[in-house]
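Asker: Just so we're aligned, residue 1 is where the sequence shown starts under the working numbering, counting upward by one.
There may be inaccurate statements among the hints.
Quick list of simulated restraints, FRET-style, between CB atoms [as the list claims (entries may be wrong)]:
no., residue 1, residue 2, range
1, 93, 44, 14 to 22 Å
2, 19, 63, 18 to 26 Å
3, 94, 23, 32 to 40 Å
4, 41, 64, 20 to 28 Å
The set of hints was computed from the structure by calculation and includes no laboratory data. All residues carry an ideal CB built from backbone N, CA and C; glycine is no exception.
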Amino acid sequence: MVVGVCRLRLALHGVFSLKEKRGIMKRIIARARNSFPVAIAEVAENDQLRSAAIGFSVVGNDGAYVNSVLDKVIDCIEDLCLAEIIDQHIELISL
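Take these sequences, add in the hints, and give me the full structure.
Answerer: Written out as structure tokens, the structure reads:
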């Protein structure tokens, strides 16, 4: 079993309220959940107006598959153009 974990730090440009930030984060998280077999959530910087951190994970039998899904989720988030990815950390854990 292979567990893939990714943490992304996002910059949110042109956001002027926490309500607006929550809306953007909900759209990003919903799109990832609906498109890929991942568990995803906002994990830090909840009260920061122009930055956010999300974490997501996927489990599979093959490390290449798990890594591929993580990469596809990152690409999907970039393609939404709602936030800029400023940092990413990927870890694959074999159990």
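Asker: Just pull the numbers of the violated hints for me, sorted ascending.
Answerer: Per hint list: single violation, 2.
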